[in-house]
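Let chain H serve as the given structure and place chain L with the ligands on it in line with the hints.
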Amino acid sequence: MNIIACVKQVPDTEAQIKVKADGSGIEEGGIKWVMNPYDEFGVEEALKLKEKAGGDVTIVSIGPARAMETIRTALAMGAEKGVHIDDPALNAADAYTTAAALAAAIKGLPYDIIFCGQRAIDDDSAQVGAILAEILGVPQVTFVTKLEIDGTKVKAVRPIEGAQLVIETSLPCVITATKGLNEPRYASLPGIMKAKKKPVEAKNAAALGVSTDAKSKVAKMIPPPARPPGKILCADDTPEGKAAELAKLLREEAKVI
Amino acid sequence: MAKGVWIVAELRDGAFRKVTFEMASTARKLADQLGEEACAVVCGSGVAGIAGELGKYGIDKVYVADNAAFEPYTTDAHAAAVAKVVKDNDAAILLVAASFQGKDLAPRLVGKLATGMASDCTDVKIADGKLLAIRPMYAGKCFGEIVVSATPQIAALRPNVFPIVESAKAGAVEAFDPGLGELKTKVLEVQKEQAGKIDVSEANIIVSGGRGMKGPENFAILEELAGVLGAAVGASRAAVDAGWRAQSDQVGQTGKVVSPNLYIACGISGAIQHLAGMSSSKYIVAVNKDPEAPIFQKADYGLVDDLFKVVPALTQECKKLLG
Ligand SMILES: Cc1cc2nc3c(=O)[nH]c(=O)nc-3n(C[C@H](O)[C@H](O)[C@H](O)COP(=O)(O)OP(=O)(O)OC[C@H]3O[C@@H](n4cnc5c(N)ncnc54)[C@H](O)[C@@H]3O)c2cc1C
Ligand SMILES: Nc1ncnc2c1ncn2[C@@H]1O[C@H](COP(=O)(O)O)[C@@H](O)[C@H]1O
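So the protein lines, in turn, are chains H and L. Counted from 1, the first sequence has number 225 at position 225 by the working numbering; the numbering is strictly sequential. Counted from 1, the second sequence has number 159 at position 159 by the working numbering; the numbering is strictly sequential.
Worth flagging that the hints you see were computed from the coordinates, not collected in a lab. A few of these clues could be false.
So the derived list for chain L, only partly shown, Cβ under 7 angstroms to chain H, looks like this [what the hints assert, rightly or not]: (1) ASP104; (2) VAL110; (3) LYS112; (4) THR115; (5) VAL147; (6) VAL148; (7) LYS186; (8) GLU189; (9) VAL190; (10) LEU229; (11) THR254; (12) ASN261; (13) LEU262; (14) LEU303; (15) VAL310; (16) ALA313.
All C-beta atoms, glycine included, are put in the ideal place defined by N, C-alpha and C.
Looking at chain L on its own, in the form it has when it is part of the complex:
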């Protein structure tokens, strides 16, 4: 019978991404509830040395395929390797990151393994010995509880939602043969955006600007606040469509669906498509000079005022508080 809770480790430039530790900690929790092992698949190049690190986050056994074909990531190489090891070991549950890489890989695995998956989950638990995954649907206008009847039961975990818990386990490392066939995709180039930029989909705090910012140059005041808070800068579609901000910064039903601890909306009215994308944030702050703006209905803290006065003042206050 299928058993074990597995994760697909996500790496970038030879190091584990934070979401990998979130998945490992979650796998440990589920494995304990089932009384089974937590295992990890690591596909990378020159990674044998770091694989054991996952033991620190509760992984019993790490299956490693070390091959130059895994760096940078391609769908073909990773999907072939993960599907093989998961099938050979008859994994019961498989956790993948709902990151850009994971969103490319996971459904390909669903296809290879002819199973089902709960995408972009914000909670997972065990009910009646099976995985029960909770996820926003309709961009967060409602939630769904998903059960998978085929094996393995796959869930993609939204980054930055699941806690990282250290609980030392063996982290025993075993190499496996990925059995790579013909690879049909190749990465020609990786064009890096500005260094240190935090993606809105992975940020703890997001400072977002909308049409009320009046122009691209004014986002400097949001960048400054974000710098003090260690936040990412997001945008409404109006700001993106005006060409003020990159497409990758758009929050909403046709942008990114986010759930940070703190979302600060500046000069954003709160259209339903925007609210859909951010209303599962833990705390919401709205700065808008129009007291009737719908964003205030979702805000925990509302500031009815001119953002060009409030935001710089807030930056100063935060600097003082955070030393």
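Chain H on its own, in the form it takes in the complex:
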């Protein structure tokens, strides 16, 4: 089975995000970069599938030089090889441009199944997997929490509000992974050593023959509105007194109940 996993390097969830004074982006200094947590689920599922069905796992990532660390992490987890699309012209890529570049790279490879994360936790756009599927002309199942593959038959579970759907489709397809799908493994020390020697092919937009023009852009970034300082309730020192004071404030001041 030829398995692809798309991974994006994003700021660690611990990172404090500071918007640049001119709103053109975020301050990148001091940020620790990690694999998008949802992509860890995708890579893990890719590896599990390989271990069961045989074949190999190729990691594809678009990002600057530092994204190589994330590709190496996935290789250390057990993937066989990588494709690193590094092109400054793709720095401002939106979801469509990103998916188009990924599709161009993937079209050149044999593939049966492609894993993405359900969303990248930086732009939070949750678009790339489905656009990629459309460009490749294959079906998608998004937000997958359970996956079974039997021959070319795919059975996947995805949550919707108040229910779980069991969806059937066939390979090749794109699966976007969400929490619950599996427990991503850690890279072992031998894995990390081996990853250093695994092949990673470098590509740019010209080599892939894709446009770098974005269809949408973040015109401006804005810090979140400051919250006014809150009140600590202490009408009297009993839990009942505090509860009564809170209920009254929620009803009369906030008017939310």
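For chain L with the ligands alone, kept in the frame of chain H given last:
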């Protein structure tokens, strides 16, 4: 030239979901600013009868495709139909719900229409004749203003954020041929969770519990408060990872990003990943026995006390107030 503000109606079990009325009302507002029509696409099975209802929320024209293939929802059928009607009519702006269904459909449309989209928006307006969408990024650690240069300009609206406004319009219904090709996905089964459960992503009020709840059985006191308030019960990742609550209840950077009117955090310390997911709530209440817990920095009202005493007392007070 492309024109009109369009919505993709979202249905469940043959009825419009609330977010559809939120989108219709928003489309009306934008259409008025542009001096154009507000239109809706309805794909469903046996829905011709209800389609006209959207006129009540400001829709001028409803395009309906009635076909058994639309129920239950599948990506292929809906994306093919919506892309076709939107393209044939050269829509300028298209609003989709940032619901589970919409999050599956909308990016597929982006692909089919080779355009751009602002996901999970909390505000949309018209600036210089174009859509300007505002959305949280980095799970709400900052916001972005998005402009789309291709057509249609797509925005996904976060449920329960945009007001529903009634403003009677024609709601004229016209059938269209969805032109469905081969469908490659099929829903084998719909496993419903407990009836009446409100999803945190669509709740006005959320009562959330964390590791301070000590065990799954204690969530009963949150369920009870939630019952009185008509709220959903959410959870921190610690509570989910401990197996006390369902994954679908997790709030935070790797769970759901929510913005209810009221968020009551009980026994949650306020880790940055949790705060990211809920700090755009209108009002935040924190109940925690540790006065130093970071959650208090975001809370409008803080109660430093034992949640096992405060929560039942609060339930009683709310019962009294709400009759
Ligand atoms: C990659 C990554 C992603 C993450 N994503 C998320 C996410 O999406 N959502 C999320 O929530 N977390 C997330 N986390 C985890 C996060 O870092 C915290 O570990 C988690 O939020 C802590 O949960 P908690 O507040 O319930 O538990 P704790 O931090 O243990 O806090 C428990 C609180 O309960 C209080 N308490 C205890 N007993 C009582 C009592 N009787 N009465 C009142 N108060 C009491 C304590 O004072 C304490 O403040 C993520 C972490 C990582 C590394
Ligand atoms: N730059 C990128 N390189 C590789 N994969 C990406 C990139 N951007 C997005 N993806 C994939 O698409 C998923 C969804 O991303 P997004 O649509 O940006 O939220 C991610 O979890 C990745 O699997």
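Right, here's what the structure says about each hint:
1. ASP104: Hint on ASP104 of chain L: holds, closest Cβ of chain H at ~5 angstroms, below 7 angstroms.
2. VAL110: holds (5 angstroms)
3. LYS112: It holds, given that the least Cβ distance between LYS112 of chain L and chain H is near 6 angstroms, below 7 angstroms.
4. THR115: The hint holds - THR115 of chain L has a Cβ within 7 angstroms of chain H, the shortest such distance being about 5 angstroms.
5. VAL147: Holds, about 5 angstroms.
6. VAL148: holds (4 angstroms)
7. LYS186: holds (5 angstroms)
8. GLU189: For GLU189 of chain L, the interface hint holds, since the closest Cβ of chain H sits about 4 angstroms away, which is under 7 angstroms.
9. VAL190: For VAL190 of chain L, the interface hint holds, since the closest Cβ of chain H sits about 5 angstroms away, which is under 7 angstroms.
10. LEU229: holds (6 angstroms)
11. THR254: holds (5 angstroms)
12. ASN261: holds (5 angstroms)
13. LEU262: holds (4 angstroms)
14. LEU303: holds (5 angstroms)
15. VAL310: holds (5 angstroms)
16. ALA313: holds (4 angstroms)
When each numbered hint is compared with the structure, no violation occurs for any of them.
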